[in-house]
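First to last, the protein sequences are chains A and B. Just so we're aligned: 188 in the numbering used here is position 22 of the first sequence, and the numbers increase by one with no gaps anywhere. Just so we're aligned: 237 in the numbering used here is position 71 of the second sequence, and the numbers increase by one with no gaps anywhere.
Quick caveat, the hints were computed from the structure, so don't treat them as lab data. One or more of the hints may lead you astray.
Copies of the same chain look alike in the list, so a pair counts if it fits in one copy or across any two.
Stated by the list, open to error - Below are the DMTMM-like pairs computed for lysine to aspartate or glutamate, each with C-alpha atoms no more than 20 Å apart in a straight line:
1) Lys361 x Glu211
2) Lys351 x Glu187
3) Lys204 x Glu349
4) Lys168 x Asp289
5) Lys379 x Asp329
Protein chains: 2
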Amino acid sequence: MKVRQLFDPESSTYSYLLWNEKDKEAALIDSVKEQVEKDTILINELGLKLKYLLETHIHADHITGAGDLRKHFDAKVLVHKNSDSKCADQLLNNGDVIHLGSENIKVLYTPGHTNTDISYVIDSAVFTGDTLLIRGSGRTDFQSGNAGDAYDSITQKLFILSDSTLVYPGHDYNGFTVSTIGEEKQYNPRIGNGKTRKEYIEIMENMDLPRPKMIEQAVPKNLQCGLS
Amino acid sequence: MKVRQLFDPESSTYSYLLWNEKDKEAALIDSVKEQVEKDTILINELGLKLKYLLETHIHADHITGAGDLRKHFDAKVLVHKNSDSKCADQLLNNGDVIHLGSENIKVLYTPGHTNTDISYVIDSAVFTGDTLLIRGSGRTDFQSGNAGDAYDSITQKLFILSDSTLVYPGHDYNGFTVSTIGEEKQYNPRIGNGKTRKEYIEIMENMDLPRPKMIEQAVPKNLQCGLS
Numbered sequence: 167m168k169v170r171q172l173f174d175p176e177s178s179t180y181s182y183l184l185w186n187e188k189d190k191e192a193a194l195i196d197s198v199k200e201q202v203e204k205d206t207i208l209i210n211e212l213g214l215k216l217k218y219l220l221e222t223h224i225h226a227d228h229i230t231g232a233g234d235l236r237k238h239f240d241a242k243v244l245v246h247k248n249s250d251s252k253c254a255d256q257l258l259n260n261g262d263v264i265h266l267g268s269e270n271i272k273v274l275y276t277p278g279h280t281n282t283d284i285s286y287v288i289d290s291a292v293f294t295g296d297t298l299l300i301r302g303s304g305r306t307d308f309q310s311g312n313a314g315d316a317y318d319s320i321t322q323k324l325f326i327l328s329d330s331t332l333v334y335p336g337h338d339y340n341g342f343t344v345s346t347i348g349e350e351k352q353y354n355p356r357i358g359n360g361k362t363r364k365e366y367i368e369i370m371e372n373m374d375l376p377r378p379k380m381i382e383q384a385v386p387k388n389l390q391c392g393l394s
Numbered sequence: 167m168k169v170r171q172l173f174d175p176e177s178s179t180y181s182y183l184l185w186n187e188k189d190k191e192a193a194l195i196d197s198v199k200e201q202v203e204k205d206t207i208l209i210n211e212l213g214l215k216l217k218y219l220l221e222t223h224i225h226a227d228h229i230t231g232a233g234d235l236r237k238h239f240d241a242k243v244l245v246h247k248n249s250d251s252k253c254a255d256q257l258l259n260n261g262d263v264i265h266l267g268s269e270n271i272k273v274l275y276t277p278g279h280t281n282t283d284i285s286y287v288i289d290s291a292v293f294t295g296d297t298l299l300i301r302g303s304g305r306t307d308f309q310s311g312n313a314g315d316a317y318d319s320i321t322q323k324l325f326i327l328s329d330s331t332l333v334y335p336g337h338d339y340n341g342f343t344v345s346t347i348g349e350e351k352q353y354n355p356r357i358g359n360g361k362t363r364k365e366y367i368e369i370m371e372n373m374d375l376p377r378p379k380m381i382e383q384a385v386p387k388n389l390q391c392g393l394s
């Protein structure tokens, strides 16, 4: 599977274009509305057939480009069933498999940041959304987030992947682009190196973060695939 | 060869950590002074022996972290001979080969943005500095830049690499992280799709760009490996 990492500087969001080089079937994870024109040009230049617009969760910090991209391509929007999204073409469950030609993307339900979090797994890599960030993790204080759930998702579903699995997060604010499961197990300051569930919950519950600026607009819009 | 792309948001600079997984020998291309602490931690976490601090050119838009990193590691600073750098441990020429254990990095002299430009080539990828950017190219209006030289470097030294070669640029301002030689040959708006040398020179000579804010500080400091 080919992977192309894309960046939205305004929201520090990473999007990921995945494709099967043989038959050119593609999926775009976590598109950003402001990047739709750029993404459309790139997908066309690469000669890809965009089949799926995948969301790692209902975002609170940017508006998805999925609805706009669906107009340009014959693609389906897929989000987790807990979102109860009315605009999605398919609601995903843990264990679902998405096919790009002969290659697969596996759906792992990894809640905690929200209750709609999916990590998408391919052979060599996992796209972790905001569940696991590089040397960090997504906040758990809104949108049905739960620090205990996040701990369980990360330790029981992500940290059991092979150490060499590449970790592609939904955001990065520190100049990192990619990590590995092995690194995060060892060096993630919040949850690596054997941190207990209790320690993690305490860290996450004492973060005292400001409310995301865009949450009031972004969440309802993202439940409409980014359209009004 | 393992590749880890790193980003400095302030200057939109990409640095690249390359290493041979077997013996852990590493090189860092285009380090950034503000990122030295982060890079040092990462290199230590990955258990790497940093051997080389490579520059793609004498930068005008950020200050290199090479001098600072050399203090932390037993590493050599390598830049092109035209820089006449007094602080470098080795001055590079076209065709030189840098060894990381059993793996090699090849030096391609690709002038045009400046007269000190090097592209570093490994099996699967080329690190093009400011010579070739994703759907763009580095300006050629200062530091002995020359649009004709840039055209020759790109078309005669980079575009002859295999189409699947990954292109890792020195900067990106548009949300791209990587491209391929095949894509740039076809879609680079300045030099792709058979643009002539004359057309390229005309484009580059009519860009009317402002003088880089940091050039007066950065160039002399970078000739001192980023140290005062």
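Results for each hint:
1. When the C-alpha separation of Lys361 and Glu211 is checked against a cutoff of 20 Å, the pair qualifies only between copies, where the shortest distance is 18 Å, while the shortest distance within a copy is 45 Å.
2. In the homo-oligomer, the alpha carbons of Lys351 and Glu187 lie at most 20 Å apart only across protomers (19 Å), although the nearest pairing inside one protomer, at 31 Å, exceeds that limit.
3. Taking the shortest Cα distances, Lys204 and Glu349 sit within 20 Å of each other only across copies (15 Å), while inside one copy they are farther apart (32 Å).
4. In the homo-oligomer, the alpha carbons of Lys168 and Asp289 lie at most 20 Å apart both inside one protomer (11 Å) and across protomers (17 Å), since each shortest distance falls under that limit.
5. In the homo-oligomer, the alpha carbons of Lys379 and Asp329 never lie at most 20 Å apart, since the shortest distance is 36 Å inside one protomer and 43 Å across protomers.
When the structure is compared with the earlier hints, a violation turns up for hint 5 alone.
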